[in-house]
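Chains as they are written, first to last, in numbering that gives the first Met the number 0: chain A, 0 to 295; chain B, 0 to 295; chain C, 0 to 295; chain D, 0 to 295.
Derived by calculation from the structure, the hints in this document are not laboratory data.
A few of these clues could be false.
Stated by the list, open to error - Using 20 Å as the maximum straight-line C-alpha spacing, the simulated EDC-like pairs for lysine to aspartate or glutamate come out as follows:
#1 C:K239 with B:D246
#2 A:K239 with D:D196
#3 C:K104 with D:D196
#4 A:K104 with B:D246
#5 B:K239 with C:D196
#6 A:K239 with D:E250
#7 D:K239 with A:D246
#8 D:K104 with C:D246
#9 D:K239 with A:E250
#10 B:K87 with B:D38
Claimed, not checked - These stretches of chain B come out as covered by chain A in the derived footprint (C-beta under 8 Å, 3 or more residues):
#11 8–21
#12 41–54
#13 60–67
#14 143–150
#15 155–168
#16 233–242
Cβ atoms here follow ideal geometry from the backbone N, Cα and C, with glycine treated the same way.
Each chain, written out:
Protein chains: 4
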Amino acid sequence: MVRHVAFIGLGVMGAPMAANLVRGGFAVTGFSRSEASTDRLAAMGGRKALTLADAVSGADAVITMLPDSPDVESVMLGDNGVFAHAVKGTLIIDCSTIAPSTAVKLQETAAERGMRMIDAPVSGGESGAIDGSLSIMAGGSDEDVDSARPVLSKMGGRIVHVGGPGSGQLTKAANQLIVGGTLELIAEAIVFLESYDVDISHALEAIQGGLAGSAVLERKGMSMLRREFIPGFRVSLHDKDMRIVVDTAREAGVAIPLGNTVAALMGSLKARGFGDADHSAVVATLELLSGREKRG
Amino acid sequence: MVRHVAFIGLGVMGAPMAANLVRGGFAVTGFSRSEASTDRLAAMGGRKALTLADAVSGADAVITMLPDSPDVESVMLGDNGVFAHAVKGTLIIDCSTIAPSTAVKLQETAAERGMRMIDAPVSGGESGAIDGSLSIMAGGSDEDVDSARPVLSKMGGRIVHVGGPGSGQLTKAANQLIVGGTLELIAEAIVFLESYDVDISHALEAIQGGLAGSAVLERKGMSMLRREFIPGFRVSLHDKDMRIVVDTAREAGVAIPLGNTVAALMGSLKARGFGDADHSAVVATLELLSGREKRG
Amino acid sequence: MVRHVAFIGLGVMGAPMAANLVRGGFAVTGFSRSEASTDRLAAMGGRKALTLADAVSGADAVITMLPDSPDVESVMLGDNGVFAHAVKGTLIIDCSTIAPSTAVKLQETAAERGMRMIDAPVSGGESGAIDGSLSIMAGGSDEDVDSARPVLSKMGGRIVHVGGPGSGQLTKAANQLIVGGTLELIAEAIVFLESYDVDISHALEAIQGGLAGSAVLERKGMSMLRREFIPGFRVSLHDKDMRIVVDTAREAGVAIPLGNTVAALMGSLKARGFGDADHSAVVATLELLSGREKRG
Amino acid sequence: MVRHVAFIGLGVMGAPMAANLVRGGFAVTGFSRSEASTDRLAAMGGRKALTLADAVSGADAVITMLPDSPDVESVMLGDNGVFAHAVKGTLIIDCSTIAPSTAVKLQETAAERGMRMIDAPVSGGESGAIDGSLSIMAGGSDEDVDSARPVLSKMGGRIVHVGGPGSGQLTKAANQLIVGGTLELIAEAIVFLESYDVDISHALEAIQGGLAGSAVLERKGMSMLRREFIPGFRVSLHDKDMRIVVDTAREAGVAIPLGNTVAALMGSLKARGFGDADHSAVVATLELLSGREKRG
């Protein structure tokens with residue numbers, strides 16, 4: 000049974016997730032590139048590790064929450080990394096959003112090294128991480144996912160086992176496709192309505208009440224109207240996620256015409272300097288295309 | 000104050016809407032191309048009109064619920080139509096989904112003839128029409144929309160005044176853009192996940208729990224998985240709606256890249272003989288494009 | 000046999016086309032909104048008409064070269080128009096680019112009025128109009144197109160009879176789809192190559208030598224590199240043409256994914272104030288989308 | 000000065016290119032996975048090598064003409080490969096179409112090993128390879144490209160130096176973007192015209208005469224009309240090329256909306272089993288989308 004958890008990556012998402020584990024009664028050792036983050040964890044009852052090796056050496060479970068595939072690969076495979084220093088049988092839970100093919104490869108290597116590993120990316124954003132209501136998409140064997148449940152249930156409100164290794168990442172990719180596309184659809188609706196003389200905040204309220212209602216519209220609609228793009232979830236991360244979507248669909252020969260367009264628009268946004276804005280900034284590209292860039 | 004209502008168009012949507020007016024205490028006279036429909040209305044306490052002129056002549060308010068712009072134009076402008084036979088001051092409420100420009104023109108003509116008219120298209124589908132929970136998007140003057148509220152509130156759970164003449168239709172167009180696009184995004188997600196070995200019904204459950212959740216996924220996700228395309232809302236009607244969206248965006252010079260693609264896919268679906276299927280059949284076009292058309 | 004020709008519309012294209020008819024030995028009476036244009040035609044041997052009725056009343060053939068469908072409809076159907084004033088049996092040749100459905104309707108009306116009419120839109124631009132090398136796409140009966148050949152052959156180097164009424168316009172629509180799309184492809188190639196350190200004018204030369212070579216690249220490639228957008232052919236006209244393409248494809252249920260995107264980009268260009276620039280300005284929208292708008 | 004040439008890869012393109020070098024007076028040693036190909040080269044005056052090492056060891060220049068990046072990497076970097084067995088100073092000319100980033104990396108490694116290397120992909124197809132009229136896009140230093148000219152000029156009619164290492168591949172990528180897009184535009188035009196009653200072969204003739212004319216329409220138009228998809232250039236290769244285009248544009252943050260759609264359609268075609276058909280088979284996907292798949 001899992002008692003000691005090493006938590007690697009204490010950023011916007013990782014910090015509150017680790018904090019919820021501390022509150023949930025686990026012995027949590029944190030490691031992060033930012034020492035301030037590990038200090039904060041220590042201040043609330045966790046333990047601070049100075050090296051990755053130190054963090055994982057005594058742990059029953061290792062959780063990683065990192066930006067991209069290369070970060071996860073380096074943390075797992077590096078000389079000072081998880082596979083080199085964790086004891087046999089350790090349960091590794093990668094909550095990062097990375098390429099499904101990378102997740103599968105890492106889990107194969109983990110098995111060769113005598114460890115157990117699952118992919119468990121999350122949806123729900125910073126607020127979901129803080130209040131422990133994340134939706135968690137777990138991929139791996141029944142046994143490993145079951146072992147992880149007590150830990151995952153302190154961080155998320157909905158833990159769904161969606162299949163074997165990589166399935167969590169595939170589900171997360173599908174999730175990001177839908178989120179990015181819905182943001183873009185709402186942005187098109189907003190610029191469309193603004194080009195006519197409609198009371199838009201009332202219009203969005205009416206739209207939210209019918210079949211067009213969504214969590215994206217609920218949470219982002221009004222801030223998009225006001226052109227407030229405070230993250231939230233950064234364009235640069237959603238751009239990375241759309242690349243995973245496009246590449247993974249391509250490998251399978253699956254047509255995703257809307258996904259391709261969303262990826263192009265998100266990439267355009269990043270190229271135009273919006274990488275650190277909230278992903279709802281897609282409305283800005285549409286304005287530009289519609290020759291309406293001067294309006295505030 | 001409105002007491003006598005003429006209801007024109009007793010189809011899948013119109014019939015339960017008129018029935019709710021009868022139940023709500025209004026004196027309702029129905030007229031429809033199908034005599035069976037007017038008989039059904041009469042059987043539950045309404046009155047059956049044999050001609051359009053007969054239906055509207057004694058009414059305080061006229062409600063129309065018809066398939067497309069030409070139907071509404073002919074009912075309003077025809078020799079035996081509403082404008083020719085309704086008394087001065089009658090309140091005309093068009094609940095059909097038509098081109099915003101047509102709505103504006105009809106309301107101008109109505110004003111010239113001494114009548115009051117608003118556009119009040121609805122969202123929520125057959126089930127919303129039956130249980131009186133439609134979301135209604137009303138465009139017109141404050142006074143006319145206020146006069147219509149007692150009637151509208153028997154048919155809908157959310158009555159939103161979104162602006163002047165045509166605003167209701169513009170809002171409905173934006174609504175249909177989002178609904179069509181969300182269906183397409185979910186279809187892309189489903190075909191993507193099916194091309195890998197993921198437990199899709201669990202994956203959709205996880206997705207619904209996060210930022211990607213929507214009314215479309217809630218109501219249509221599982222039937223799309225099973226490839227059940229029983230309307231619901233027909234492809235041929237959504238195709239018409241997407242034409243309104245594309246044309247109206249074009250007139251304003253607004254870029255809607257996803258909207259254009261959705262319109263093309265909906266048109267393709269209709270061209271391929273799916274006109275009478277539910278609009279969630281967009282998943283079938285994606286399968287075809289992905290070379291997966293033989294799978295069930 | 001045709002001797003006297005009335006030429007309606009002496010703009011950028013019409014003026015040199017009419018001039019070639021004068022040089023070719025026809026008796027040409029010109030009519031245009033701009034009296035300066037008719038004066039110039041008179042100065043080189045044509046005759047100046049002060050009214051449309053005057054121009055057509057003595058003519059064996061009437062040629063129209065006008066901007067859009069409403070212009071042609073008004074010239075043909077108006078009280079002072081062609082159908083009202085031309086004698087029975089007059090051969091009407093519409094060289095304008097208009098909606099195929101409008102062309103068909105006008106030819107039906109012409110037949111009812113005892114006249115003969117064909118659609119004969121042209122390709123080749125101002126330079127082709129000046130040197131009489133236009134490619135002319137003629138739709139109508141064998142007999143009428145044959146009657147028109149002596150006239151058409153003074154204006155064009157390639158006269159192709161492509162089918163019955165409206166076929167010329169359908170072919171022109173297909174032509175404009177290809178031209179607009181090729182411009183856009185070349186623009187994408189240019190912005191792509193500029194984002195790397197490639198000697199682009201040499202690269203375009205290499206590309207022109209292989210399977211990617213085209214008349215568009217030949218004539219427009221270098222001016223696109225220099226961002227010189229002097230018409231040539233205006234964005235506002237190509238935008239109109241792309242609307243014809245999109246609408247006509249839609250009526251037939253034909254999927255044109257590239258055509259839809261080209262129409263959206265051309266519309267965006269017009270909305271952003273480039274209506275009077277050459278259609279090769281599509282490269283400017285791509286720069287914008289790529290966050291490269293500041294480069295010269 | 001180059002006298003002895005090793006030619007690696009004697010496929011549809013490589014075989015006639017090597018043959019032209021033999022005819023041009025070079026001493027050519029061929030190596031290919033297919034021994035029949037090396038035998039054919041030997042029969043016409045070349046020399047047959049049994050191993051890659053054997054082929055390159057005595058050569059002044061090495062030319063490679065291989066399907067994809069991994070093939071070129073393995074031939075260059077393998078234990079029995081070019082870098083291991085060629086003498087210092089050897090001029091390596093890669094005529095394959097591969098990722099620009101791979102070309103740059105290989106040229107850096109070549110320099111470290113004391114060799115000279117350029118990228119020199121070609122355009123013009125099998126017929127261009129046979130009659131020595133290829134358009135060759137060369138990337139590398141002035142000196143190295145100049146050294147390669149005597150060899151290249153036996154294989155191509157237009158040798159263009161487009162910039163430093165990788166520039167040839169970037170230019171080829173832009174070329175394939177335009178070729179793929181033009182095929183798709185012509186396919187859209189054909190399905191559009193077929194949906195109406197137009198004499199299409201005449202229509203294509205008229206279109207070819209104006210601004211819409213292109214090498215693709217000239218060489219592929221009639222076979223597309225007849226639905227003859229004999230390669231020519233295979234869908235699977237063009238699909239690979241479009242991936243290079245999309246990935247390379249993405250790395251630079253360049254928007255290529257048409258390129259993305261072409262890549263998706265080419266990928267769809269491959270997924271549907273058309274990998275070995277000529278790339279002009281894009282017309283088949285459009286028919287499918289237009290619900291016209293049953294027509295021959």
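Can you tell me if the stretch 8–21 of chain B counts as covered by chain A, using C-beta to C-beta distances under 8 Å and a minimum of three residues? It is violated, with 0 qualifying residues against the three required.
Check whether three or more residues of the stretch 155–168 of chain B sit with their beta carbon closer than 8 Å to a beta carbon of chain A. Three-residue rule met by the stretch 155–168 of chain B, so holds; n is 9.
Straight-line Cα separation of B:K239 and C:D196 no greater than 20 Å? Roughly 47 Å separates the two Cα atoms, so the pair is violated.
Going straight from one Cα to the other, do A:K104 and B:D246 come out at no more than 20 Å? This hinted pair is violated, its Cα atoms lying about 48 Å apart.
How about the stretch 143–150 of chain B: do at least three of its residues have a C-beta closer than 8 Å to a C-beta of chain A? violated (count 0)
Verify the coverage statement for the stretch 233–242 of chain B against chain A, using a C-beta to C-beta distance below 8 Å and requiring 3 or more qualifying residues. violated (count 0)
Hey, C:K239 versus B:D246, does the alpha-carbon distance stay inside 20 Å? 13 Å, holds
A:K239 and D:E250 were given as a pair; does the straight-line alpha-carbon distance stay at or below 20 Å? 11 Å, holds
Is D:K239 within 20 Å of A:D246, Cα to Cα? Given that 20 Å is the threshold and the Cα spacing comes to 13 Å, the pair holds.
Hey, D:K239 versus A:E250, does the alpha-carbon distance stay inside 20 Å? 11 Å, holds
Three-residue Cβ test at 8 Å for the coverage of the stretch 41–54 of chain B by chain A: That given contact is violated, which follows from only 0 residues of the stretch 41–54 of chain B lying within Cβ reach (below 8 Å) of chain A.
Hinted pair, alpha-carbon criterion (20 Å max): B:K87, B:D38. Please report holds or violated. Since the Cα atoms of B:K87 and B:D38 sit roughly 29 Å apart, the hinted pair is violated (cutoff 20 Å).
The earlier numbered hints that this structure contradicts are 2, 4, 5, 8, 10, 11, 12, 13, 14 and 16.
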